[in-house]
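Can you build the whole structure from these sequences, using the hints too?
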Amino acid sequence: MSIKDRLYVATIGEDAVDAAREFQIGLEIDEYCTASNMDQLQFPKIDSLVRGKMEGISRFVMHAPFNELFPAAIDPLALELAYRRLEQSYQLTKTYGINRMVVHTGYVPYVYFKSWFLERSVEFWQNFMKNKPHNFHIMIENVLEDEPHTLAKLIQSIDDQRIRACLDVGHANCTTTLDLMEWVETLGPWLSHVHIHNNNKVYDNHWTLDEGAIDYNRILKGFQRYAPGNLTYTLENLTCRRSLDWLSENGWLE
Numbered sequence: 001m002s003i004k005d006r007l008y009v010a011t012i013g014e015d016a017v018d019a020a021r022e023f024q025i026g027l028e029i030d031e032y033c034t035a036s037n038m039d040q041l042q043f044p045k046i047d048s049l050v051r052g053k054m055e056g057i058s059r060f061v062m063h064a065p066f067n068e069l070f071p072a073a074i075d076p077l078a079l080e081l082a083y084r085r086l087e088q089s090y091q092l093t094k095t096y097g098i099n100r101m102v103v104h105t106g107y108v109p110y111v112y113f114k115s116w117f118l119e120r121s122v123e124f125w126q127n128f129m130k131n132k133p134h135n136f137h138i139m140i141e142n143v144l145e146d147e148p149h150t151l152a153k154l155i156q157s158i159d160d161q162r163i164r165a166c167l168d169v170g171h172a173n174c175t176t177t178l179d180l181m182e183w184v185e186t187l188g189p190w191l192s193h194v195h196i197h198n199n200n201k202v203y204d205n206h207w208t209l210d211e212g213a214i215d216y217n218r219i220l221k222g223f224q225r226y227a228p229g230n231l232t233y234t235l236e237n238l239t240c241r242r243s244l245d246w247l248s249e250n251g252w253l254e
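Here the sequence shown stands for residues 1 to 254, where the numbers follow UniProt numbering.
Keep in mind that the hints were calculated from the coordinates and are not lab data.
For glycine and all other residues, C-beta sits at the position ideal for the given N, C-alpha and C.
Hints should not be assumed to be uniformly reliable.
[Stated by the list, open to error] Label-pair distances were calculated between CB atoms; the ranges are:
| # | residue 1 | residue 2 | range |
| --- | --- | --- | --- |
| 1 | E80 | N200 | 35 to 41 Å |
| 2 | Y83 | R242 | 17 to 23 Å |
| 3 | N250 | F113 | 39 to 45 Å |
| 4 | P228 | S248 | 17 to 23 Å |
| 5 | E182 | P228 | 17 to 23 Å |
Here it is in structure tokens:
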């Protein structure tokens with residue numbers, strides 16, 4: 001089953017824009033992962049860059065900033081910072097005509113008890129979405145989590161159809177001893193978006209799909225089994241052409 005109509009490439013890839021235009025796929029905008037790019041000093045240059053990349057492409061996802069942003073923060077000032085930066089990112093999605101935004105959980109092992117993290121995160125995201133339109137969606141992405149169950153419970157507890165999970169397969173591969181298929185199966189009912197890239201299971205290398213420890217034919221088949229429907233995919237590679245060729249050769253773009 002082809003994923004081409006639901007496939008994006010991340011703009012961290014030096015060849016992402018050319019590939020998106022050639023293959024007629026979407027872009028995930030990563031320029032604002034660094035929050036200061038939204039500020040007055042950097043914004044005019046970054047905004048011009050982003051608008052240039054968007055030309056000739058019709059589908060987009062925004063990746064929100066995440067550095068030092070903790071939606072379950074204990075410190076009220078840290079919590080305020082997370083809210084302000086994510087709100088800035090939301091306002092940008094409106095100017096670009098984008099209605100889907102990827103955000104990080106902000107979970108930090110040994111800092112948060114999972115029960116605390118869950119309670120605080122539910123409150124944060126419910127408050128964040130109170131004044132957002134019905135057609136705006138966020139996808140909450142795993143980063144340092146060592147299992148998928150907390151993220152699944154978070155989405156279930158928020159209980160808002162506009163909020164779904166984003167499984168970053170590469171992150172999960174580095175942080176867990178569990179079989180990746182357990183992540184796919186557990187998060188399947190809550191998934192809206194996934195990040196796909198490969199690594200050596202030690203570092204978050206962002207290698208192409210054909211190199212590394214992850215068997216992507218198995219993973220993609222797992223998504224079709226456990227998360228059928230309109231699941232979307234973003235290739236997160238520093239150069240993405242090799243991954244696109246691999247997807248094509250293995251029948252995923254037909």
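Outcome of the hint check:
1. Against the hinted window of 35 to 41 Å, the Cβ-Cβ separation of E80 and N200 comes to about 38 Å, which satisfies the hint.
2. Between Y83 and R242 the CB atoms are about 39 Å apart, so this pair departs from the stated range of 17 to 23 Å.
3. Hint check: N250 to F113, Cβ distance near 42 Å, so the stated range 39 to 45 Å holds.
4. In this structure the supplied range 17 to 23 Å holds for P228 paired with S248, their Cβ-Cβ distance being about 22 Å.
5. Checked against the hint of 17 to 23 Å, the pair E182 and P228 passes, with Cβ atoms roughly 18 Å apart.
Hint violations for this structure: number 2 only, all remaining hints satisfied.
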